[in-house]
Amino acid sequence: METEARTHQVLITGGSAGIGLGLAARYLGAGHRVLVTGRGAGRLAAVSEGLPGLETFANDIADPAQREQLAAHVRRVMPDLDVVISNAGIQRRVGIAADDAPWAEAQHEIDVLLAGPVHLARLLTPQLLGHGRPSVYVNVTSGGAFLPQPFAPLYSAAKAALHSYTVNLRHALRATPCRVVELIPPAVATQLAGPGPNHGADPDEFCDTVFPLLDGSHPVVGYGPTARPEFTDRLAVEHSAFEAAAIRFDVPLHGTARAAL
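Here our numbering is used: position 66 in the sequence shown is 66, and no number is missing along the way.
Everything labelled a hint here was simulated from the structure, so no lab data went into it.
Bear in mind the structure is a predicted one, so any value in this text is a computation, not a measurement.
Beta carbons: idealized from backbone N, C-alpha and C, even for Gly.
A couple of the hints might just be wrong.
Unchecked claim - Beta-carbon label-pair distances, calculated as ranges:
| # | residue 1 | residue 2 | range |
| --- | --- | --- | --- |
| 1 | P148 | R228 | 25 to 33 Å |
| 2 | I247 | L147 | 26 to 34 Å |
| 3 | G40 | P64 | 15 to 23 Å |
| 4 | L253 | D99 | 13 to 21 Å |
| 5 | H108 | P150 | 17 to 25 Å |
| 6 | A97 | D208 | 20 to 28 Å |
| 7 | T232 | S48 | 35 to 43 Å |
| 8 | P79 | A175 | 42 to 50 Å |
| 9 | I96 | R133 | 39 to 47 Å |
| 10 | D202 | G40 | 31 to 39 Å |
| 11 | D204 | R234 | 35 to 43 Å |
Make the full structure from the sequences, and use the hints.
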């Protein structure tokens, strides 16, 4: 899908800061219509003041009912939605042996990082397929999905699961005009883990590099360490193994007579 060929309707979850906000600014600057979500209405209002034309919707991706509300809102205000960036994320930096927080905190992390993106894909896929035009669905995972991080073990595990789901989502949509992209950031200097010191790639340099690659022509987009040959070669081996195994299972695909849609 050529991002410059026409005006796109773009949804970005977790778009009030960090990578999400950086990509929103670039889509908006390219002349596309952009709706971003975030939990804080005040933060969204401040962001929209700085980016005239940006549309916002306060929403907690961890809440199933609010995910349903988001999907309904998008159907109303963006009937021609054709780009989704599923980016909302949090990161609890606490090792397994030190994690004595109430289970609700861990469950919330799982809900934001895994349940939310999976449910959102299920809610939005019918809309993307309904208009029949080319579209792009981007799941943002992490280098931590492939190299588990001892300081963020649950984050790493959830992102690894989202990577696996994204591979299967791409397979399920292979017969449709919807392309599935996995964006795999390395450490980027955002406030993902909350206020305090951060490290990693410069967010603007990261967004400048990956933005033109999110047009659907690249199934996987990395940066820095996640774009190096030793990393991409590993993904290529995984892809070949997946393709060889997938043909052994008679699974319905979207765009075929047996699909649920």
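Against the structure, the hints come out as follows:
For the pair P148 and R228, the supplied restraint of 25 to 33 Å is violated, since their beta-carbon distance comes to about 18 Å. As the Cβ distance of I247 to L147 is approximately 29 Å, the hint placing it in 26 to 34 Å holds. Take G40 and P64: their Cβ atoms lie about 20 Å apart, and the range 15 to 23 Å holds. For the hinted restraint 13 to 21 Å between L253 and D99, the CB-CB distance of approximately 39 Å leaves it violated.
Here the CB-CB span from H108 to P150 is close to 21 Å, well matched to the stated 17 to 25 Å. In this structure the supplied range 20 to 28 Å is violated for A97 paired with D208, their Cβ-Cβ distance being about 39 Å. Between T232 and S48 the C-beta distance comes to about 37 Å, which sits within the given range of 35 to 43 Å. About 23 Å separates the C-beta atoms of P79 and A175, a value inconsistent with the hinted range of 42 to 50 Å.
With their beta carbons about 45 Å apart, I96 and R133 fall inside the hinted range of 39 to 47 Å. In this structure, D202 and G40 break the distance hint of 31 to 39 Å, their C-beta atoms being roughly 24 Å apart. Judged by the Cβ atoms, the range 35 to 43 Å given for D204 and R234 is violated: they are separated by roughly 28 Å.
In the structure shown, a violation is registered for the earlier hints numbered 1, 4, 6, 8, 10, 11, in ascending order.
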